[in-house]
Amino acid sequence: QKEVEQDPGPLSVPEGAIVSLNCTYSNSAFQYFMWYRQYSRKGPELLMYTYSSGNKEDGRFTAQVDKSSKYISLFIRDSQPSDSATYLCAMKGGTASKLTFGTGTRLQVTL
Amino acid sequence: SAVISQKPSRDICQRGTSLTIQCQVDSQVTMMFWYRQQPGQSLTLIATANQGSEATYESGFVIDKFPISRPNLTFSTLTVSNMSPEDSSIYLCSGSGGAYTEAFFGQGTRLTVV
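Top to bottom, those sequences are chains A and B.
Heads up: the first sequence begins at 1 in this note's numbering, then just goes up one per residue.
Heads up: the second sequence begins at 1 in this note's numbering, then just goes up one per residue.
Just chain A, with the same shape it has in the complex (with noise of 0.2 Å):
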């Protein structure tokens, strides 16, 4: 079983959906989740940063992380055609600086 489960799509929803995104962990010291969003022939771009459980919110992005069900979201309102990449969660914690990064999950947002 790996340490990061996410499926890896491909996705497909139409422009102005709301859009979930999920990941599931089995390491109980993971403290700091990530979202990266990445473009084809691009490296990861940060999206979402945030610290055990809760929501943050970023404009039309909402990280959500509850630690007891070891799962976390991205939801992406209102989405839009250039929100099509690939999106990565990524986690870590203790004193690990290395990431474990789940599969990538492709969106395709259409017109």
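Quick caveat, the hints were computed from the structure, so don't treat them as lab data.
Be aware that one or more of the hints could be misleading.
Said to hold, decoys possible - Per label pair, the in silico range of CB-to-CB distance:
#1 B:Asn72 <-> A:Ser40: 43 to 51 Å
#2 A:Arg77 <-> B:Ser53: 15 to 23 Å
#3 B:Pro39 <-> A:Ser73: 31 to 39 Å
#4 A:Ser73 <-> B:Ile12: 35 to 43 Å
#5 A:Asp7 <-> B:Asp11: 29 to 37 Å
#6 A:Glu5 <-> B:Ser84: 28 to 36 Å
#7 A:Tyr39 <-> B:Ser84: 22 to 30 Å
Said to hold, decoys possible - Covered by chain B, per the in silico footprint, the following chain A stretches (three or more residues, Cβ under 8 Å):
#8 37–50
#9 97–111
Every value quoted in this text rests on a predicted model; they were computed, and no experiment measured them.
For each residue, glycine too, the CB sits at the ideal point set by N, CA and C.
Based on the hints, put chain B in the right spot on chain A.
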């Protein structure tokens, strides 16, 4: 946030040769990381590079094949040595302020070995 400039952005190399990839960060970062990413797949960590100490390599990666330098807090290089077609991949560098901070990525180097 830190901005990481990585070069070259792409290269096509002959087998048996070596390529050095450079990453320059616009601010000091405690830790730098080097990853490999196959098309359509997630990131695989090659090694962690701290200034003033040898890089720490992940299982399956060795220093002779992927020597890393970290001369200061804003710069690092990764060399892919004695390349074979199996080394064709995207190589990414990342920087982080430490265990409690986020990590930022360069734009990647797309390497093709022929």
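Verification of the hints:
{"no.": "1", "hint": "B:Asn72 <-> A:Ser40: 43 to 51 Å", "result": "violated, 33 Å"}
{"no.": "2", "hint": "A:Arg77 <-> B:Ser53: 15 to 23 Å", "result": "violated, 44 Å"}
{"no.": "3", "hint": "B:Pro39 <-> A:Ser73: 31 to 39 Å", "result": "violated, 27 Å"}
{"no.": "4", "hint": "A:Ser73 <-> B:Ile12: 35 to 43 Å", "result": "holds, 40 Å"}
{"no.": "5", "hint": "A:Asp7 <-> B:Asp11: 29 to 37 Å", "result": "holds, 33 Å"}
{"no.": "6", "hint": "A:Glu5 <-> B:Ser84: 28 to 36 Å", "result": "holds, 32 Å"}
{"no.": "7", "hint": "A:Tyr39 <-> B:Ser84: 22 to 30 Å", "result": "holds, 29 Å"}
{"no.": "8", "hint": "37–50", "result": "holds (count 7)"}
{"no.": "9", "hint": "97–111", "result": "holds (count 7)"}
Hint compliance for this structure: hints 1, 2 and 3 are broken, all remaining hints hold.
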